[in-house]
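Residue numbers (the numbering used here), protein chains in the order written: chain R, 1 to 139; chain Y, 1001 to 1597; chain Z, 2001 to 2235; chain D, 3001 to 3130.
The hints are simulated quantities; they were obtained by calculation from the structure and are not laboratory data.
One should not assume that every hint holds.
Listed next, the in silico SDA-like pairs over lysine to any residue satisfying Cα-Cα at most 25 Å (straight line) [stated by the list, open to error]: (1) Y/LYS1516 / Z/ARG2189; (2) D/LYS3010 / Z/ARG2189; (3) R/LYS96 / Z/GLU2038; (4) Y/LYS1245 / Z/GLU2038; (5) R/LYS96 / D/TYR3027; (6) Z/LYS2041 / Y/ALA1296; (7) Z/LYS2079 / Y/PRO1362; (8) Z/LYS2041 / Y/ALA1477; (9) D/LYS3067 / D/SER3098; (10) D/LYS3015 / Z/LEU2231; (11) R/LYS5 / Z/GLU2038; (12) Y/LYS1476 / Y/GLU1490; (13) Z/LYS2017 / R/GLU101; (14) Y/LYS1153 / Z/ARG2189; (15) Z/LYS2079 / Z/ARG2069; (16) Y/LYS1589 / Y/LYS1245; (17) R/LYS102 / D/LYS3067; (18) Z/LYS2079 / R/LEU111.
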Amino acid sequence: MSNLKTTLTGYTGYRGREGHWAFLLHRITGLGVVLFLAIHILDTSFVYFAPQLYDEVLKVYRSTLFGIGEVVLVFCLFYHGVNGIRIAYLDLLAPKAWTIEKTRRSAYLVLVITLVLWVPSAGYMIYNLLRHNFGMFGG
Amino acid sequence: MTNIHQYDVVVVGGGGAGLMAAMYASQRAKTAVISKLYPVRSHTGAAQGGIGAALGNLEEDSPEWHTFDTVKGSDYLGDQDAIEFMCHEAVQAVYDLEHMGLPFSRTADGRIAQRPFGGHTNNVTKKPVRRACYASDRTGHMILQTLYQQCIKNNILFYDEFQAMDLLLVDGKVAGVVAVELATGELHVFHAKAVIFATGGHGRIWEITSNAYAYTGDGCAIVARRGIPLEDMEFFQFHPTGIYKLGILITEAVRGEGGILFNKKGERFMERYAPTIKDLASRDVISRAMYLETRAGNDVNGQRFFYLDVTPETVNKYAEIDGRTRPDGTPYRVTAQEILSKIPDIADFCQTYLGIDPTRQPIPVQPTAHYAMGGIPTNIMGQVVIDEQNTVLPGLYAAGEVACVSVHGANRLGTNSLVDLIVFGKHSGIHAAEFALGADFVPLPADPTEYVREQISRLHAGSGKEKAAAIAREMKAEMFDHVGVFRTQEGLEHAIQKIRELQERFKDVRVTDSGKIFNMELLQTWELGNMLDLALVTAQSALARTESRGGHARDDYPARDDVNWLKHTLAWMDRDQIRLGYKPVVITKYPPKERTY
Amino acid sequence: MQIKLRVFRFDPEKDQKPRFDTFFMDVDPNDRVLDLLEYVKADFDSSLALRRSCAHGICGSDAMRINGRNYLACKVLVKNLHSDQITVEPLLGLRVIKDLIVDMEPFFENYRSVLPYLINDEALPEDGKERLQTPEERDRFEDTTKCILCAACTTSCPSFWSDERYVGPAAIVNAHRFIFDSRDRAAERRLNILNQQIGVWRCRTAFNCTEACPREIHITTAIAEVKQAILSGKV
Amino acid sequence: MSVTAKEPEKIRIQKNFDQIAWMAMRYSGVLLIPLAFGHMILQDVVVGVHQITTDYAVERMATLGWKLYDIFLLAFAFGHGMNGVRQVFRDYIHNPRSFRIVSSILFVVWLVISVIGAITLLAINPAMGR
Ligand SMILES: Cc1cc2nc3c(=O)[nH]c(=O)nc-3n(C[C@H](O)[C@H](O)[C@H](O)COP(=O)(O)OP(=O)(O)OC[C@H]3O[C@@H](n4cnc5c(N)ncnc54)[C@H](O)[C@@H]3O)c2cc1C
Ligand code: HEM
Ligand code: SF4
Ligand code: F3S
Ligand code: FES
């Protein structure tokens, strides 16, 4: 188990740069998304296996807590996807571009693109959440 | 409890010489290498410029010329039979390295690339010749890596991080070595038929040095304590271009590529000291020129440094003035890019330690203690010889910087040390294996580790009144000031007295760490003892030699004196006294002449 | 300038647990961190244990974690750290033996596993001279010949932290040096070794290795080239 | 010019799972951009959970186009994700036996959930709406 300790020390304590953070975020977001996906497949299957219960599921989905979680999920998928494309592009098409400058810059670019996608989405989702759950904006 | 191991051949040291010896010895005899550093950490890895061999890949060259240049470079103190042997063997040795995988830089037609280097000339035109075979500016690194790789391939047995502390002699024959295992603090006895010392130099005695922390002269000190003389210890090379204050080496190759030295007036002062090859004169000549310039007040800011300029503008300007051409006859002109590609590591040092880009700014340099020409006397087979008659001590070998064959005489030419390692490393390996096959083990003494234990317990038993660090500091400063580039009787006497005083004070040092595991303090304090001993031998040998020759420059005896001093110094450490003796220089083809560049 | 130096200490013969010793000292911004550690040994606590030799970034002895990142202590100047607090710790992922000294054996074992030596059993040129190689062929692996086996890369790699069987960037760099050498004939063997579970596929391009390499080797590029060679079967 | 005139070496590499998985992660990832991003943007952002009802879900899943889309998404996203999880576990679990057990469990989880998802997608038809 000393490896686990080393790993955690390294993940949190090592002052890695962009590549290190990109790796950590990619891993965390990937695991987050797959966890959600597993649950999501199962709950959606209620539509077929237990349609009555699906309404309950939808209630949970509409809860405030879940709404916030959903905003996070959207970030996770956006980040993971955009960064995944960065990795796939460099690995498959431009292996020579795995250089310090390009890695640093592309890691920032990924963050920017993610935010460009996420911020409006999150805004709209929060708007909906506030409207439906808190009756704001004439909801 | 001590651990006893038995090998036909034990190699002490895992640098270029040690690995080469191990590779050849292990082909025939059961061999082990013990090294206080991981072999790849050895100082051979620091060598930058190149390895000299008359391959003639770019222009006409011959081992004869290489021989003559080396003899001349040695200020006629080198043994000419050994030099001739080395320079002829060099060619095959370089091809051997290539076959082992060494990634030499290449010429356009795929051959090993070569560059000019200080003191290497075309004997006919007297112009610099391209003789230094190189792999960028990390030739030594590539030699060390390549040899280590081959050792792995050949399953050579390594005792990494084992520090030898004593040589076992029984009735004038080698019985083995005693080493401490750093990781456990345990003593190990290596019972051997033949022992090869390849422990490198001792440049850490001086304050400003290009040498590694590990360069504490363990090999010389160990054998000297066992009654073996040290040869030509007064000859220590000061390399003219160490980075100001740090001593980090800026290879001669920088001047080979066209770099020029300037004093504070912006004058190319080497024109005055070596009118023919100017900035590519040999090291002792340039270091001495710098000293004289300093004395004349021409050093920059009065701080004893000069500028080495490799900016393309300067290089091209002076290449034009000198009429330097490329092999195809076109004028020699360079771009910043080209310079960078030839000396990437140097550029990196300048960037890291000085924050300057050498293709835009000049590099501040000063002479730095660099290379021990002297050491354990050997013959061309690497056998240690212990007196004026060159009597062989059976089973004991030395190779590399620790040895004095003597091929470098009073001054080593750049690139010749790597040649020395490879050639004599190889031959000592071959010969040691041969010897071991025909010899029996000499029985170990009753208590083989006694002397080492005694030395260690003394280091623990000191009163603690004195600090090792302070003693080291004072020794280095004293040596740099008085046993440096220029020496005088007064200075040397001062130094000798000071070192004796430091040796006394050293007895009051106490090692605070009483542990066994990686007790670096203990070992480093022991190393300081070695350095003090060698400092004394160096100063004593220098005081006796009342002439100036190569790396040994006496202010009070400025001329070379072939009548009285064309001989090698031998220095014995008899308890606390240094006894000096002399043996003749071997001269075959080249009678001494005045040495001008 | 005045700095606060914190040094990781652990003496296996005395201590149950590691501790940090703190030293306040006046230093020159141009001092190397190695110089500071030498000041500690000279003036404060001579029992501090570390490896070092060349003092100019060429022997690979003194890789360690400085302010949380791997450097050679002799190649990083105080001013480069932009801080008056300096924390020095041993490399992560290798067992600490004493103070800043770690057990390098697993690292060298990984290195040896990739056949880091020239293999070519074909006859040598008849004239006994060098095997030919063009400057272009030589350039192909120039970068990876620079490695000094300091382990700064491997011990900064998240994949290595979690599993020291991963051969690690340093081993791949040294394999690369031979795979792309036109004189070598064992690329196939090396690529098959690196195609294993503990080989190149463990690299998640976390890039700490390249950031840490004191020789500025483009490690991740080299790893990517090896991956490509495995996939395409071409070197 | 190549003076060594080295024959391009014919190198045979033993194909293995890691190598294939590495490629698969990248290709499936690229494919997942339209699939996963599309799905998420539509469902979570544009439509939003508050508009989603059982009827909506049934209707959508019953349309042939969306059915295909969802099946692809299920196959690629969950496969990609579960292999990702397997790789992460492999970083931390070193005992080969333990790892074999864990990956078997992951495989079963993947299979069961995928089958449940597949049945749902395949079986739903418009008639099921209320
Ligand atoms: C910066 C620099 C640049 C140089 N450039 C050039 C150049 O361009 N061309 C050239 O020809 N020469 C050059 N030289 C000189 C040359 O590199 C050295 O003289 C040569 O490498 C010495 O090799 P060696 O094998 O004798 O010793 P090293 O390579 O230093 O090996 C010594 C070995 O002995 C071991 N050792 C030491 N003491 C003990 C002990 N007590 N017990 C066990 N093991 C021990 C060490 O661990 C090490 O493995 C340069 C030197 C320096 C410092
Ligand atoms: C949207 C498009 C996506 C792209 C482009 C993408 C790309 C990638 C890539 C290239 C990797 C391999 C990383 C590596 O080996 O270094 C990866 C890993 C991973 N992906 Fe995705 N992915 C996407 C969507 C998803 C989805 C939807 C999930 C969850 C179901 C997911 C979960 C994971 C996980 C868990 C990993 C392993 C992470 C790790 O090894 O650290 N990915 N992804
Ligand atoms: S690749 Fe760089 S960081 Fe890694 S061991 Fe080699 S020199 Fe050190
Ligand atoms: S840090 Fe590790 S994950 Fe790859 S890019 Fe370097 S080896
Ligand atoms: S001491 Fe040699 S690399 Fe730092």
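Outcome of the hint check:
no.: 1; hint: Y/LYS1516 / Z/ARG2189; in the structure: 42 Å, violated
no.: 2; hint: D/LYS3010 / Z/ARG2189; in the structure: 12 Å, holds
no.: 3; hint: R/LYS96 / Z/GLU2038; in the structure: 40 Å, violated
no.: 4; hint: Y/LYS1245 / Z/GLU2038; in the structure: 16 Å, holds
no.: 5; hint: R/LYS96 / D/TYR3027; in the structure: 19 Å, holds
no.: 6; hint: Z/LYS2041 / Y/ALA1296; in the structure: 39 Å, violated
no.: 7; hint: Z/LYS2079 / Y/PRO1362; in the structure: 22 Å, holds
no.: 8; hint: Z/LYS2041 / Y/ALA1477; in the structure: 19 Å, holds
no.: 9; hint: D/LYS3067 / D/SER3098; in the structure: 38 Å, violated
no.: 10; hint: D/LYS3015 / Z/LEU2231; in the structure: 9 Å, holds
no.: 11; hint: R/LYS5 / Z/GLU2038; in the structure: 31 Å, violated
no.: 12; hint: Y/LYS1476 / Y/GLU1490; in the structure: 18 Å, holds
no.: 13; hint: Z/LYS2017 / R/GLU101; in the structure: 40 Å, violated
no.: 14; hint: Y/LYS1153 / Z/ARG2189; in the structure: 14 Å, holds
no.: 15; hint: Z/LYS2079 / Z/ARG2069; in the structure: 15 Å, holds
no.: 16; hint: Y/LYS1589 / Y/LYS1245; in the structure: 42 Å, violated
no.: 17; hint: R/LYS102 / D/LYS3067; in the structure: 40 Å, violated
no.: 18; hint: Z/LYS2079 / R/LEU111; in the structure: 30 Å, violated
In summary, the structure is inconsistent with hints 1, 3, 6, 9, 11, 13, 16, 17 and 18 from the numbered list given earlier, while agreeing with the others.
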